[in-house]
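Asks: So the sequences go chain by chain: A and B.
Sequential numbering of the first sequence, starting at 1, is according to the numbering used here.
Sequential numbering of the second sequence, starting at 1, is according to the numbering used here.
To be clear, the hints were calculated from the coordinates, so they are not data collected in a lab.
Do not rely on the hints blindly, as some may be mistaken.
Claimed, not checked - DSSO-like, lysine-lysine: derived pairs with alpha carbons at most 27 angstroms apart:
no., chain 1, residue 1, chain 2, residue 2
1, A, 134, B, 298
2, B, 337, A, 114
3, B, 139, A, 316
4, B, 112, B, 25
5, B, 25, B, 209
6, B, 139, A, 283
7, B, 152, A, 121
8, B, 152, B, 378
9, B, 61, B, 195
Just so it is clear, the structure is predicted and the values come from calculations on it, not from any experiment.
Given next are the chains, with one letter for each unit.
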Amino acid sequence: MIEFEKFTLDNGLRVIVHRDDSTPMAAVNILYDVGARDEDPEKTGFAHLFEHLMYGGSINIPNYDEPLQRAGGENNAYTTNDITDYHIQLPAENLETAFWLESDRMLSLAFGEKSLATQRKVVCEEFKESYLNKPYGDVWFKMRELAYKKHPYRWMTIGKNLSHIESATLDDVKNFFFKFYRPVNAILCVAGNVTVENVKALAQKWFGDIPAGEKYMRNLPQEPDQNEERKLEVKAKVPIDALYKTWHIDERLSRRYYIVDLLSDVLSGSASSRLFQKLVKEKQIFSHLQCYHMGSIDKGLLSIQGKLIKGISMEKAEKELSIVLDKMVQNKIDENELQKVKNKTESLILFEDMSIQNRANSLAYFEALGDAAWMNFELEKYHSVTTQDILEESQKIFRPENSNTIYYLAEN
Amino acid sequence: MLDRKQTPKIVDAVDMQIKLPPYQKYTLDNGVEIFSIDAGEDDVMMIEWVFTAGVTQEEQKLVAGTTNFLLRNGTTKKNAFQINEYFDYYGAYLNRSCYSDTATITLHTLSKHVDKLLPEVRTLITDSVMPEDELAIFKQNRKQRLKLNLKKSDFIAGRLIDSYLFGESHPYGRFSSDEDFDALERDALLRFYEKYYQQGKLRIFVAGKLPENINSLLNTYFGDLPFGDIKVKEFPITPAVEKKSKIINDPNGIQSSIKIARLFPTKRHPDYAKAYLLNTILGGYFGSRLMMNIREDKGYTYGIYSMFANLRQQSAWIISTEAGKEVSDATIAETYKEMKRLREEPVSTDELNLVRNYIMGLFLGDLNGSFKIIMRWKDMILHHLDESYFYQLIQTIQTVSAEELQELAQKYLQPEDFYELVVV
Chain A
1 MIEFEKFTLD NGLRVIVHRD DSTPMAAVNI LYDVGARDED PEKTGFAHLF EHLMYGGSIN
61 IPNYDEPLQR AGGENNAYTT NDITDYHIQL PAENLETAFW LESDRMLSLA FGEKSLATQR
121 KVVCEEFKES YLNKPYGDVW FKMRELAYKK HPYRWMTIGK NLSHIESATL DDVKNFFFKF
181 YRPVNAILCV AGNVTVENVK ALAQKWFGDI PAGEKYMRNL PQEPDQNEER KLEVKAKVPI
241 DALYKTWHID ERLSRRYYIV DLLSDVLSGS ASSRLFQKLV KEKQIFSHLQ CYHMGSIDKG
301 LLSIQGKLIK GISMEKAEKE LSIVLDKMVQ NKIDENELQK VKNKTESLIL FEDMSIQNRA
361 NSLAYFEALG DAAWMNFELE KYHSVTTQDI LEESQKIFRP ENSNTIYYLA EN
Chain B
1 MLDRKQTPKI VDAVDMQIKL PPYQKYTLDN GVEIFSIDAG EDDVMMIEWV FTAGVTQEEQ
61 KLVAGTTNFL LRNGTTKKNA FQINEYFDYY GAYLNRSCYS DTATITLHTL SKHVDKLLPE
121 VRTLITDSVM PEDELAIFKQ NRKQRLKLNL KKSDFIAGRL IDSYLFGESH PYGRFSSDED
181 FDALERDALL RFYEKYYQQG KLRIFVAGKL PENINSLLNT YFGDLPFGDI KVKEFPITPA
241 VEKKSKIIND PNGIQSSIKI ARLFPTKRHP DYAKAYLLNT ILGGYFGSRL MMNIREDKGY
301 TYGIYSMFAN LRQQSAWIIS TEAGKEVSDA TIAETYKEMK RLREEPVSTD ELNLVRNYIM
361 GLFLGDLNGS FKIIMRWKDM ILHHLDESYF YQLIQTIQTV SAEELQELAQ KYLQPEDFYE
421 LVVV
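Bound-form chain B, shown alone (with noise of 0.2 angstroms):
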């Protein structure tokens, strides 16, 4: 007979071999370093072109993001529709993001069709042109979106809890109004895109099923600009003085949206493995203190998790939910507690085995496929941390004690040192 209260036998993923496979290496003939990794049943792949243009080289409120949006909007030779055209064509999916210190192209692609999209990559790169009407048509649907987003309790919050974290001066800490977009001029996002793109700083991280003349295919179009390198620039913080806010956006609104939220010191940290593993007991899964007490206990809210800003200059830790408008100051208070319970008593032995085996899991599937791979390794390397980083947290992860993140835990969760913002 089936004994169904047993719970079958498993492999503590705390013992599981976690390897990181390694990437190659190629450089161009400008210098441009190349990250790969050639692995892969299908016939896919992708590239992601990685600037020092990120919003800390902006002079600017919006001039990095809008010179990375505008990438693929116009060069000498096309304009907006047929440089979208040309990709779609090929099925390809062009992207382009920007950080808080780096900006990206993103390119996923048949293999086989990536010979005949580099050469237009290459256009974006050395020949945009930032058209004025494309501007245009950009400020004025930015500012409807921003128009919109300002209805969004959630949304303010999280532009608000930056600011009062980094200092509204601060890249990490600064939002946008209508006044921004309307000072914003084609010349200065011309400027920005020759200082860092046409001349900038460049990486390259491609992974999956790479043609074999993958590497000489991307000296061809990338190996002969005049790149160079640019520092990225670091910025005093200013944290605010009033650490409690409640901000009324919209007197009728039935949720409110809370951030309780401090300063944490970067990934390259000692304290950061343990930290990890901290949050993740808080309110970094479903199973987390913050998750059983507040939604599955109490019904408070949806959902509640707590969670790292990983920034390069200085890091935050947040804890985010949406409550019901009548049990937000109850859901607060039960946060408090449950950092205070994290203070004084050590985590069980069978909670954190628990939390350990869970984080090996997240890892373990985490490294499953190479653009998967690539991505970790790219994190890595924009932080300057190598291979042994990633060895050591997951040693720290398998080895940490309930007493050290005890310790921890009156380190870094006293309630005087975070921030609270309510918005309804």
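The following block holds chain A by itself, in its conformation from the complex (with noise of 0.2 angstroms):
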């Protein structure tokens, strides 16, 4: 059970409060309700490069990380197709010096044009370095596009090619920051070593006086059902063949997200799952193959993708992965097989929140979806899930018409 109190400042700033005094230290997390999702399709690739830009310096603060580094602060962020995250973490002591920098940069970005400059070509190098210069690595911007026709969730966050990074623009920038970066679209979670009292007083000093801003409605085109059986094909400078599929599942707020969750724990993720078991092992169909979820706040996707092992044809593997899955749909499984993963996501929660920068983001992150208290039910909702269930919604989810395969061959 995490504790924890919320209050809202006068401009719609959401305040997240969580003591915890066995460390000396605070962990500080910003959240703006913006991602990948809420691009302009000719201009993807936004909200991720426009992450970079928060560092360019800010109105009053021409850098920020020098200043938090001198108070002992370390910080990140990341940018996913939903939201964007701001992260520091620091000795309690220096609390303050994060209210200020963060303020600062809510308040108003320097809007450089140098720091554009650099960033944009930065970020075509992270484009490269992990997406264009490894084998495999622009996959799921071909698996992003064959299964998500209409929904943003068809392009990548890092955007769907470097030519719109390379063409973003000062007013490209401003007006990207207006609209979202305001406090009415944020949320702060200040967790660790700190009192309610002093985050509620450093809060009003220095978000107080910064201007709402205009309240985002997100309104996005939502996914039609998919009815038929999507396919394709490529050849590429690969040494192995390997095989992905998705299929289309419920959205992060549904019950069915947490049958989905445990579903794709029955089948991979342990050394036990099903998967591993059945077609790395027994029958050798694969030397590595994993299932897991997106875990997106919209209609996301489930994947299975693996590289075959060499002399076996796709054909072949496809048959022996449906046999596999063909299982899940015609027979419940077992409770003990239930409660194994079960028990495996109670011990990955406990020891996910071991950690205040943790605790600080799931609270941010679930206030996001809705409330923060929600990250408490979390267990529950896993427990509640039966057997049956999962039955019913592998049914749903494993239909050929639902699904999306693409077969990545290596050429020659």
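Two independent chains are provided; combine them into the complex using the hints.
Replies: Listed below in structure tokens is the structure:
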């Protein structure tokens, strides 16, 4: 049970405080309710590029990192298709430094040409390093486009292509900032060796006078149900054939999300899971095989991907995979097997919650979903899943017309 | 009116007290040492079994790593699936890793289940059989993985730079090929297992919210086994003669993997603490000289870092990045410029104070929670260091002068001592 207090400033900034005095540190987490899904289809990759620009100096503070490091602090950030998150860890005595820095960049960035020019290049190098210069690096670009036709999940957080990033202008940057990076669209969570009174005072002092901004009302095109099997064949200079499959699943707030999460653990994720045991160990169809879901807020994807053992054909691999999945569709799993993945989930949550950074991040995330308190009901929701649920969910998901398949073949 | 240009007052991290909480030591009936820290709110704990069974002990390539990997892949009573299912059922995470000098088994579990898991861990240490079919699958999958890795420039660069620094015949510089996997035989694994696990040298590290009877539990399951003493072996280091290399692994590659590296004394050397700080300034954190220049000013790379590869016999100091092919020469030139700057100009008081504070904050955060504290102890104990080393390191970081750092840069940051490798 994670205890916390929550209050809202007049400008709409939501603030969460979680106390833990067993540590000398404080974690400060700011979540902005904007991700790649909120981008203009012609200007993709912007939310993430923007995350980089947040370090290019703010209106009153030319350099963000230096004073933070001087206060013994460390920070990082990440962007997903759903949200953008900034986090700091520093000695609790120096908490105010974090408020000073974060509030100034929420007030306004410096919007320097030089910062934009450099970060465009840096992000292009990131694009190359992570996606272009690696075998199979482009597969998720293709898979997203195959699986999503309407919803903005059809592009990657990094962007559709390099040209979108290269053509970003300072005007784009300003518009994006004043649309999304406003108190009313942000959540601040402070965890660690802090008091509620102190955080209240600091929040009021540093964030209180920032103009609220306009609440962003998300109205994204929803993905229609898929009703035909989609397939794509890619040939590339990779050493080994690989099979990628995805199926549409339900959204984060649905009860079905928890069922899918456990279902994917039955299939993959530990050394006693079904896919690994059947297809890597017993039948030796794949040298590597995993199943996971995107964990996205809107309707997501369940993915199975594997590298084929040399000499095994794609058709054979797909057939063997379908035998394992058919079993999920036809028979209830054992109670013991369900208990196993529930136990594993329970300990995973406990281990993750050990760090104040993670707790701060989760509280902010659940608040973005609707209510920070939901963090404490996760376990209960997992516990309520039955073997019948898993069976029915398997039947809903593992239908050919709900599936997308990529054969990623080695050239020659 | 709030003055937003005014930095809030800070407590200099340098003035903060950092205390390394002590461990409890307990010795099992057979002399095995247990180091533990009992702290934490949540009902979770970890145990790490550390064997002196690393790569330096093997007489044939891959034997140490493969033996370690196959520990949980079959005993006389259970097959791999049954073993894994048992640990998974209790929600526990059982991992194993093989390093240069040591190899480990690590268990993360809810404290309430530890008594059910220890007897199973015991069987992995006493009764593993390294089944032939498991070995065959391992070889097949690892060869595929190697094939894939050989397409990645950073993988190639990583293993080549080690071989240049230490020599291909040294365990630190050794790397493997398909033929090495093919040559692996079960008998060699079983011999290694007997000598370095069943009768090897074991130390155990424990942390978390511990059950009251943890010591007696450990004594019950590990205190009667015939562990012994194993000496760590040392080998001659034979660095490559040629210092500069360029490898074209993929003619169509769009980025180069760059490594610039030199040998460096170990953690036990008196220069290490000062060098730790110098390295942080050079490339050890986001605000480092290399990052500020090559990423934040020039935009040549997504990231550039320098670090120590801390090994027992001999360490290395390595600068590592991936940069666009067309800017890789410029990246290398800027890297040497930053070394030159450190040799020729003293670090400003301002920058030095910033870095001191940054590192102290890092240490403070790093001693957060019993898992992290025991891992810091483990690192010291395995390097035969005690807490005076830790406090010495802190004191050096708080007091080292700009002149000393400049001298150190003149001693260690000389371009002619560095190996330079570019892999496209």
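Asks: Taking the hints in turn, state whether each one holds.
Replies: Verification of the hints:
1. 134/A <-> 298/B: holds (23 angstroms)
2. 337/B <-> 114/A: At roughly 22 angstroms apart (the allowed maximum being 27 angstroms), residue 114/A and residue 337/B satisfy the hint.
3. 139/B <-> 316/A: holds (22 angstroms)
4. 112/B <-> 25/B: holds (22 angstroms)
5. 25/B <-> 209/B: holds (16 angstroms)
6. 139/B <-> 283/A: Judged against 27 angstroms, a Cα distance of about 15 angstroms means the pair holds.
7. 152/B <-> 121/A: holds (22 angstroms)
8. 152/B <-> 378/B: violated (33 angstroms)
9. 61/B <-> 195/B: Given pair residue 61/B, residue 195/B holds - Cα atoms ~17 angstroms apart, limit 27 angstroms.
The structure fails hint 8 only (numbered hints given earlier).
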